[in-house]
Amino acid sequence: MFAVRSQVQGAHFAKIHALTHVANKYRIGSSGDLDNLGLTTLWEVSMVSIGFTIFIILAVLIGLTIGALGGYFGRGFLQRKSYDAAKSEAAQILEDAEDERRAIVVEGKEEALQFRTEAESEIRERRSEVQRTERRVANRQENVERRASNLDRRERNLTDKEKSVSDLKQSLSELQAKRKQTIREMKEEHNQQQETMRSEQLVRLEEISELSMSDARNELMYNAEQEIQRDLAIRYRALEEQARIDANEKARNILSLAIHRFAADVVSEATVTTVQLPSDDMKGRLIGREGRNIRAIEKATGVDLIIDDTPEAVTLSCFDPVRREIARLAVTSLVSDGRIHPARVEEMVGRSEKEVSDIIWKCGEEAALEVGVRGLHPDIVRLLGQLKYRYSYGENVLQHSIEVAHLASMIASEVGANVKIAKAGGLLHDLGKALSHEIEGPHAEIGADIASKHSVAKAVCVCIAEHHDDVMSSTEAFIVAAADAISAARPGSRRDTAENYIKRLEKLEEVGRAFDGVEKCYAIHAGREVRVMVKPQSVD
Numbered sequence: 001m002f003a004v005r006s007q008v009q010g011a012h013f014a015k016i017h018a019l020t021h022v023a024n025k026y027r028i029g030s031s032g033d034l035d036n037l038g039l040t041t042l043w044e045v046s047m048v049s050i051g052f053t054i055f056i057i058l059a060v061l062i063g064l065t066i067g068a069l070g071g072y073f074g075r076g077f078l079q080r081k082s083y084d085a086a087k088s089e090a091a092q093i094l095e096d097a098e099d100e101r102r103a104i105v106v107e108g109k110e111e112a113l114q115f116r117t118e119a120e121s122e123i124r125e126r127r128s129e130v131q132r133t134e135r136r137v138a139n140r141q142e143n144v145e146r147r148a149s150n151l152d153r154r155e156r157n158l159t160d161k162e163k164s165v166s167d168l169k170q171s172l173s174e175l176q177a178k179r180k181q182t183i184r185e186m187k188e189e190h191n192q193q194q195e196t197m198r199s200e201q202l203v204r205l206e207e208i209s210e211l212s213m214s215d216a217r218n219e220l221m222y223n224a225e226q227e228i229q230r231d232l233a234i235r236y237r238a239l240e241e242q243a244r245i246d247a248n249e250k251a252r253n254i255l256s257l258a259i260h261r262f263a264a265d266v267v268s269e270a271t272v273t274t275v276q277l278p279s280d281d282m283k284g285r286l287i288g289r290e291g292r293n294i295r296a297i298e299k300a301t302g303v304d305l306i307i308d309d310t311p312e313a314v315t316l317s318c319f320d321p322v323r324r325e326i327a328r329l330a331v332t333s334l335v336s337d338g339r340i341h342p343a344r345v346e347e348m349v350g351r352s353e354k355e356v357s358d359i360i361w362k363c364g365e366e367a368a369l370e371v372g373v374r375g376l377h378p379d380i381v382r383l384l385g386q387l388k389y390r391y392s393y394g395e396n397v398l399q400h401s402i403e404v405a406h407l408a409s410m411i412a413s414e415v416g417a418n419v420k421i422a423k424a425g426g427l428l429h430d431l432g433k434a435l436s437h438e439i440e441g442p443h444a445e446i447g448a449d450i451a452s453k454h455s456v457a458k459a460v461c462v463c464i465a466e467h468h469d470d471v472m473s474s475t476e477a478f479i480v481a482a483a484d485a486i487s488a489a490r491p492g493s494r495r496d497t498a499e500n501y502i503k504r505l506e507k508l509e510e511v512g513r514a515f516d517g518v519e520k521c522y523a524i525h526a527g528r529e530v531r532v533m534v535k536p537q538s539v540d
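Using my numbering, you'd call the opening residue of the sequence shown number 1 and step up by one each time.
Warning: the hint list may mix true and false statements.
[Unchecked claim] No farther apart than 27 Å at their CA atoms in a straight line, the calculated lysine-lysine pairs in the DSSO-like style are these: (1) K507 with K520; (2) K458 with K420; (3) K507 with K354; (4) K535 with K503; (5) K520 with K503; (6) K283 with K354; (7) K161 with K178; (8) K299 with K354; (9) K161 with K87; (10) K178 with K163; (11) K503 with K458; (12) K283 with K362; (13) K180 with K163; (14) K187 with K163; (15) K161 with K109; (16) K180 with K169; (17) K283 with K299.
[What the hints assert, rightly or not] Here are the simulated distance ranges between beta carbons: (18) A216 with S166: 21 to 31 Å; (19) S413 with A488: 15 to 25 Å; (20) A488 with E227: 29 to 39 Å; (21) V534 with V415: 51 to 61 Å; (22) G375 with E227: 23 to 33 Å; (23) D516 with S413: 55 to 65 Å; (24) D215 with A243: 54 to 64 Å.
Hints were generated in silico from the structure; no laboratory data involved.
Predicted model, so just to flag it, every value in this text is computed and none were measured.
All residues carry an ideal CB built from backbone N, CA and C; glycine is no exception.
Kindly produce the complete structure, drawing on both the sequences and the hints.
What follows is the structure, encoded as structure tokens:
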């Protein structure tokens with residue numbers, strides 16, 4: 001509407017502007033030609049100007065009026081058009097709402113009908129169920145009433161029977177009392193008869209045997225005692241012999257079972273260790289200027305470092321396996337590092353000592369864990385680990401201790417002894433060998449003393465102390481000693497020293513030379529054969 005009004009007003013203003021332009025043109029032309037037209041008076045000119053001004057004013061008013069009327073009628077037209085559109089839209093909305101209302105009403109009626117149908121069906125089912133329940137209740141009530149009548153009848157029968165039983169009990173009691181009285185009278189009569197007969201028989205026996213009753217009783221008891229003692233002695237000897245046979249057989253079976261169940265590797269003793277070198281040039285570096293490096297190594301480790309013609313290798317010689325292991329680790333570290341001088345030697349030896357200490361602790365823990373002995377003192381665990389570097393007759397003591405612990409555990413489980421005590425005693429029985437070179441005394445006593453100081457059970461300490469004794473105070477000590485003997489007697493587990501071997505050969509030769517006519521005697525083939533040279537003058 002406002003846009004139409006603006007267009008109308010713009011058109012009127014354009015018309016007014018055109019008229020004004022024409023009037024001005026006409027006025028200017030007229031002014032220029034006053035002389036030509038012959039208009040000489042000022043009044044005429046003024047009238048023309050006034051008339052033109054009035055014309056302009058009227059044109060403006062007419063334009064404004066036309067614009068106002070156009071805007072009004074345009075606005076009304078637009079309002080009617082908007083009203084018609086809104087009315088049409090409202091009618092459409094009402095129509096849609098009416099359609100939706102009818103659809104909702106129809107749907108509601110359908111749902112109500114369905115709900116009613118379902119409700120009626122459920123009501124019918126409930127009614128039928130109630131009727132069935134009522135019938136069941138009625139049947140049960142009839143059954144209850146019938147059972148009640150049966151119970152009443154049974155109760156009356158029971159009452160009658162109880163009365164009959166009571167009468168029978170009373171009669172039975174009377175009969176039993178009479179019977180007891182009769183039996184008592186019969187026993188008394190019988191006893192009197194027996195006593196009379198016995199007295200008569202005793203009198204006759206005394207007359208026949210010319211012995212009194214007390215003398216006969218004493219003689220009979222003496223003979224019975226002698227016979228019983230003889231039978232008991234025979235029976236005892238038979239049982240003792242059978243027990244000895246069974247014990248030997250059972251002991252063999254138990255030991256055989258334990259030996260077959262356990263098989264351990266054997267680690268032989270070595271007094272030298274070889275360290276591989278990357279090249280022979282490293283030997284000169286190990287020796288050092290004027291031998292200062294090799295002297296520093298031997299002084300720090302206490303091990304002899306042997307450098308010979310063996311290609312790319314040096315030998316470490318020492319009877320202490322711990323010092324030899326420390327020297328091996330130190331020399332290996334020096335060779336790998338390449339910096340070899342006395343200060344570096346001391347540093348590497350210190351590191352190797354710490355590493356060996358860690359290895360000892362780890363070996364002790366692993367041994368206790370493998371056997372299943374827990375709760376050991378840390379000092380005991382460390383001493384147990386030191387047995388890794390101890391050897392007895394060429395056998396590793398730690399491996400031997402583990403083997404004895406397993407064997408003792410198996411034997412104890414077979415004979416019904418305390419398995420834990422036997423296992424711990426077997427593991428710790430050679431504990432004193434870890435310090436036997438530092439403390440004087442038998443290793444069994446040393447081990448038992450150390451174990452008792454570190455809160456080891458008394459029964460375990462007894463096993464440690466008595467495993468080499470002839471007299472033992474507990475079953476577990478016997479078992480540990482037996483397991484120790486089995487482990488030591490296994491073929492190949494131990495080897496004697498060369499000195500003992502030579503002594504045995506010399507004794508064999510002495511035995512051969514002891515015969516008359518023997519000039520020379522030689523033991524050959526490791527003592528399995530003897531070669532004898534005789535004097536032909538003395539021996540045929």
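Which of the stated hints cannot be reconciled with the structure, identified by number in ascending sequence? Violated: hints 3, 9, 11, 12, 14, 15, 18, 20, 22 and 24.
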